[in-house]
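Quick mapping for you: the protein sequence lines, in order, are chains A and B. Under numbering that gives the first Met the number 0, think of the first position of the first sequence as 0, with each following residue one higher. Under numbering that gives the first Met the number 0, think of the first position of the second sequence as 0, with each following residue one higher.
These are computed hints drawn from the structure, not numbers from a lab. Yeah, the Cβ is synthetic: ideal placement off N, Cα and C, and Gly gets one too. Keep in mind that the hints are not guaranteed to be accurate.
Unchecked claim - Under the rule of at most 30 Å between Cα atoms (straight-line distance), these lysine-lysine pairs were calculated in the DSSO-like manner:
(1) Lys98/B to Lys582/B
(2) Lys145/A to Lys22/B
(3) Lys22/B to Lys158/A
(4) Lys67/B to Lys2/A
(5) Lys33/B to Lys93/A
(6) Lys320/B to Lys289/B
As the list claims (entries may be wrong) - Restraint ranges, calculated between C-beta atoms of paired labels, are given here:
(7) Glu84/B to Asp72/A: 34 to 44 Å
(8) Asp72/A to His786/B: 26 to 36 Å
(9) Asn87/B to Gly55/A: 54 to 64 Å
(10) Asn81/A to Ala454/B: 50 to 60 Å
(11) Lys56/A to Thr670/B: 23 to 33 Å
(12) Asp72/A to Pro43/B: 26 to 36 Å
(13) Gln631/B to Asn81/A: 53 to 63 Å
(14) Pro43/B to Pro82/A: 24 to 34 Å
(15) Ala160/A to Glu9/B: 30 to 40 Å
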Amino acid sequence: MSKMHIKLKVNGEEVETLAEPRELLIHVLRERLDITGPHIGCETSHCGACTIDMDGKSVKSCTVFAAQANGADITTIEGLGNPDGLHVLQEMFKEHHGLQCGFCTPGMITRAHRLLQENPDPTEEEVRFGMAGNLCRCTGYQNIVKSILAAAAELNSAKEAAQ
Amino acid sequence: MNEMTPPKEERSEALKGLGCSRKRVEDARFTQGKGNYIDDIKLPGMLFGDFVRSPYPHAYVKSINPDKALEVPGVLAVITAKDLEPLNLHWMPTLAGDKQMVLADGKVLFQGQEVAFVVATDRYAAADGVELVEVEYEELPPLVDPFKAEIEGAPILREDIAEEKEGAHGPRRHPNHIFTWEAGDKDATESVLDGADVVAEEMVYYHRTHPCPLETCGSVASMDKVNGKLTLYGTFQAPHAVRTVASLISGIAEHNIRVISPDIGGGFGNKVGVYPGYVCSIVASIVTGKPVKWIEDRIENLTATAFARDYWMKGKISATKEGKITGLWCHTTADHGAFDACADPTKFPAGFMNICTGSYDIPTAYLAVDGIYTNKAPGGVAYRCSFRVTEAAYFIERMIEVLAIKLDMDAAEFRRINFIKKEQFPYQSALGWEYDSGDYHTAWDKALDAVNYKALREEQAERLEDFKAGKTRKLMGIGLTHFTEIVGAGPVKNCDILGLGMFDSCEIRIHPTGSAIARLGTISQGQGHATTFAQILASEIGISADDITLEEGDTDTAPYGLGTYGSRSTPVAGAATAMAGRKIRAKAQMIAAYLLEVHDGDVEWDIDRFVVKGAPERFKTMKEIAFAAYNQAIPGIEPGLEAVSYYDPPNMTYPFGAYICVMDIDVDTGTTEIRQFYALDDCGTRINPMIIEGQVHGGLTEALAIAMGQEIAYDEMGNVKTGSLMDFFIPTMWETPNYQTDHTTTPSPHHPIGAKGVGESPNVGGVPAFSNAVHDAFRAFGLTQSHMPHDHWRIWQTANKLGLHD
Numbered sequence: 000m001s002k003m004h005i006k007l008k009v010n011g012e013e014v015e016t017l018a019e020p021r022e023l024l025i026h027v028l029r030e031r032l033d034i035t036g037p038h039i040g041c042e043t044s045h046c047g048a049c050t051i052d053m054d055g056k057s058v059k060s061c062t063v064f065a066a067q068a069n070g071a072d073i074t075t076i077e078g079l080g081n082p083d084g085l086h087v088l089q090e091m092f093k094e095h096h097g098l099q100c101g102f103c104t105p106g107m108i109t110r111a112h113r114l115l116q117e118n119p120d121p122t123e124e125e126v127r128f129g130m131a132g133n134l135c136r137c138t139g140y141q142n143i144v145k146s147i148l149a150a151a152a153e154l155n156s157a158k159e160a161a162q
Numbered sequence: 000m001n002e003m004t005p006p007k008e009e010r011s012e013a014l015k016g017l018g019c020s021r022k023r024v025e026d027a028r029f030t031q032g033k034g035n036y037i038d039d040i041k042l043p044g045m046l047f048g049d050f051v052r053s054p055y056p057h058a059y060v061k062s063i064n065p066d067k068a069l070e071v072p073g074v075l076a077v078i079t080a081k082d083l084e085p086l087n088l089h090w091m092p093t094l095a096g097d098k099q100m101v102l103a104d105g106k107v108l109f110q111g112q113e114v115a116f117v118v119a120t121d122r123y124a125a126a127d128g129v130e131l132v133e134v135e136y137e138e139l140p141p142l143v144d145p146f147k148a149e150i151e152g153a154p155i156l157r158e159d160i161a162e163e164k165e166g167a168h169g170p171r172r173h174p175n176h177i178f179t180w181e182a183g184d185k186d187a188t189e190s191v192l193d194g195a196d197v198v199a200e201e202m203v204y205y206h207r208t209h210p211c212p213l214e215t216c217g218s219v220a221s222m223d224k225v226n227g228k229l230t231l232y233g234t235f236q237a238p239h240a241v242r243t244v245a246s247l248i249s250g251i252a253e254h255n256i257r258v259i260s261p262d263i264g265g266g267f268g269n270k271v272g273v274y275p276g277y278v279c280s281i282v283a284s285i286v287t288g289k290p291v292k293w294i295e296d297r298i299e300n301l302t303a304t305a306f307a308r309d310y311w312m313k314g315k316i317s318a319t320k321e322g323k324i325t326g327l328w329c330h331t332t333a334d335h336g337a338f339d340a341c342a343d344p345t346k347f348p349a350g351f352m353n354i355c356t357g358s359y360d361i362p363t364a365y366l367a368v369d370g371i372y373t374n375k376a377p378g379g380v381a382y383r384c385s386f387r388v389t390e391a392a393y394f395i396e397r398m399i400e401v402l403a404i405k406l407d408m409d410a411a412e413f414r415r416i417n418f419i420k421k422e423q424f425p426y427q428s429a430l431g432w433e434y435d436s437g438d439y440h441t442a443w444d445k446a447l448d449a450v451n452y453k454a455l456r457e458e459q460a461e462r463l464e465d466f467k468a469g470k471t472r473k474l475m476g477i478g479l480t481h482f483t484e485i486v487g488a489g490p491v492k493n494c495d496i497l498g499l500g501m502f503d504s505c506e507i508r509i510h511p512t513g514s515a516i517a518r519l520g521t522i523s524q525g526q527g528h529a530t531t532f533a534q535i536l537a538s539e540i541g542i543s544a545d546d547i548t549l550e551e552g553d554t555d556t557a558p559y560g561l562g563t564y565g566s567r568s569t570p571v572a573g574a575a576t577a578m579a580g581r582k583i584r585a586k587a588q589m590i591a592a593y594l595l596e597v598h599d600g601d602v603e604w605d606i607d608r609f610v611v612k613g614a615p616e617r618f619k620t621m622k623e624i625a626f627a628a629y630n631q632a633i634p635g636i637e638p639g640l641e642a643v644s645y646y647d648p649p650n651m652t653y654p655f656g657a658y659i660c661v662m663d664i665d666v667d668t669g670t671t672e673i674r675q676f677y678a679l680d681d682c683g684t685r686i687n688p689m690i691i692e693g694q695v696h697g698g699l700t701e702a703l704a705i706a707m708g709q710e711i712a713y714d715e716m717g718n719v720k721t722g723s724l725m726d727f728f729i730p731t732m733w734e735t736p737n738y739q740t741d742h743t744t745t746p747s748p749h750h751p752i753g754a755k756g757v758g759e760s761p762n763v764g765g766v767p768a769f770s771n772a773v774h775d776a777f778r779a780f781g782l783t784q785s786h787m788p789h790d791h792w793r794i795w796q797t798a799n800k801l802g803l804h805d
């Protein structure tokens, strides 16, 4: 099958690759660009393990063709923090035991990152509603909710201190 | 020796040992997307395999034509049973003493069964090839209902063994019958039931479901033809057992096979089984000389890899008028699907179902289990439970409720008067187990107080009045459960899988500078072993947990063990860890005594050092001892500081717990709201409370799923109705409540640190708690038993049948 030339900005870096028109974005990220943080849990858009941030929106990359993403600005878990400076969400997930097997975690944190931009000071109910597209089989969510609320509080107090 | 010794508390805290909520060392990788799961593995030249699967639950395979598939660019091979037969790999042994087709050998026995394996350069080409393999089937009538398996004219499923009267677990009375397994005293139990004041009888069905870890199963096989070595990466909860099985079925010498379980994205029992995909990836790698990856998709995971439960448990339970239980009888019809691939210890074809007397002092009991073949996927794994313990706990906790109704007693009080008493431990159960320890009354009272049980019952009575008066359409249910688990399989004298004793192991190496590496025969799937086992060790050998690396999952480096499932890691490998630590300490004591120029008996252990008795200013820290082990010639002592322990547990452990669920039910819509869920767990000594609570939250949510909506359902033609996450219920954050956790601590008397295991307790106890809440809400209207899962539709139907919509 003939391939398309696809240009993306991934985690701040311009990248180019060739991919078949039918290739899913998650496969292009994982297999052509070696970005293996986002995972595949269902391929039907239910589990959210493949969640990435695309042009300022949370997107399940298992149900988007890479061709549709051509020109997009993408952030994955790899772009949120680095070993020298974890993102507050990454810190809070560690602090509050917001993960166990870790398979849902990249999608979960990437979605939470967008949620806190949509709603910087969410209630528990708003977190639960806003995160309902991401499934976890290990934690029962209680500590994930705690982690996200703690991150929101942390980010807000940092913001206040800066003002 | 001239340094000031810090106070004991400070030194103890610095170790981050037993009992502290140490943050997980795994999380730095996982939160940054740097986990290394099976689908992340990429080897040079790697190919991809995908299955052609049967659309029919029962059919002859007349022909398979790969020609068109082989024309697809990128498709390199199509492997069928005919190709596997010369290698004797077209069938493989199951964990339960049966055998299973790797690829369809003349017929298919369940929808989704593996028929051919297409190998291609990438997953898209493989999928294209799958589409083009032409298979001609001749449909046969399916057997879906296990109660119709032995009626006249029932289709015979396993023609390969139709004439065999003897199976792996004794006589077979019909070609569709697998085994009958019995425990207890049948005659005595029937005579108790015949003469009893009160007898309750129910059919308790624990429906078929699936562990559905977020990561599906997969493998990467790489046969290096130059040096004859096979490396097999995969989602294996028991890597060493996989190596042995792979060697036995492939003929490759075991030392030439290296099995690696990388990070595993949840297991819950699903990854205990040996699947055709693993075998086919190995064969494909041998055939092509390249690494071959197989990753199943979610639909394949739900329809073809191991299911859980599917037990029809007919029960009778008797009591005196005063409410003292006198006898329990159970006959279980176990739907095992097309091949008996249950993951149970060899001598227990129905797992530990004979723990079904639960937390109660029941003097006489009898259990019989009949295993039956049907046209469904094989499996029968312990989905977040120890070998059929969830089924047993659900059965007894439902029977207790039904009998309480019959006696017109409060279900909490009824339990209390029948609990095994603290002074009765170790307790010999009527069905053959020796419960190691327990204090059920203390836990029960603590739980009832915590939720203010009396006030809840008063509120429920008021609600009922309001309901009857037409003031509300919501009923309130209080779901009680007191469960006893049996975990930590197990003693080699009665527990093995495929002849491999169920011990476990730990090997420790102390480095010269006083840090360490420990390797275990288990494998974490999210339980946080790298965090908690280092804590056990820190307390045993006085080296900070932060200075101990923990490794699992590579059979070339880890000592042999039977893996992680059935809550066995802490009871067995955790014990091995403590024992290996004690061996280190014993040698360290000799080294310290030599350095301090005293006799071995003249030094004593003090958190992180040996001190001379009566002279606390004279000591050697573990760091000093470690260095000395490598740089001094000590007479009579070998250099180095290493130890290995293979631990064969003397008994199982018996964690228990008291769970209470308060639920509101809208009778008009069938919707439910969990108002409160209180979970008290007693898992003996607590290693890391943070991780225990996380395990409880997760297990309860899996229990919520199972009790309230999750099932693998088949239609009458044998089609899977719940084969994707569209239909198979997994609760989201929105549906999941917050849980209150609590504990009591009754250490195991035979475990080196008194720990019992906890990962599965919340699933074992959670399911009956949710289900009992539903039943309790309708108790006043005469409901005794209804089948799970209690989804909105089923609850609506229950309310409707009880006349609540009239």
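Verification of the hints:
no.: 1; hint: Lys98/B to Lys582/B; verdict: violated (42 Å)
no.: 2; hint: Lys145/A to Lys22/B; verdict: holds (15 Å)
no.: 3; hint: Lys22/B to Lys158/A; verdict: holds (27 Å)
no.: 4; hint: Lys67/B to Lys2/A; verdict: holds (23 Å)
no.: 5; hint: Lys33/B to Lys93/A; verdict: holds (14 Å)
no.: 6; hint: Lys320/B to Lys289/B; verdict: violated (72 Å)
no.: 7; hint: Glu84/B to Asp72/A: 34 to 44 Å; verdict: violated (54 Å)
no.: 8; hint: Asp72/A to His786/B: 26 to 36 Å; verdict: violated (51 Å)
no.: 9; hint: Asn87/B to Gly55/A: 54 to 64 Å; verdict: holds (57 Å)
no.: 10; hint: Asn81/A to Ala454/B: 50 to 60 Å; verdict: holds (53 Å)
no.: 11; hint: Lys56/A to Thr670/B: 23 to 33 Å; verdict: holds (31 Å)
no.: 12; hint: Asp72/A to Pro43/B: 26 to 36 Å; verdict: holds (32 Å)
no.: 13; hint: Gln631/B to Asn81/A: 53 to 63 Å; verdict: violated (44 Å)
no.: 14; hint: Pro43/B to Pro82/A: 24 to 34 Å; verdict: holds (27 Å)
no.: 15; hint: Ala160/A to Glu9/B: 30 to 40 Å; verdict: holds (33 Å)
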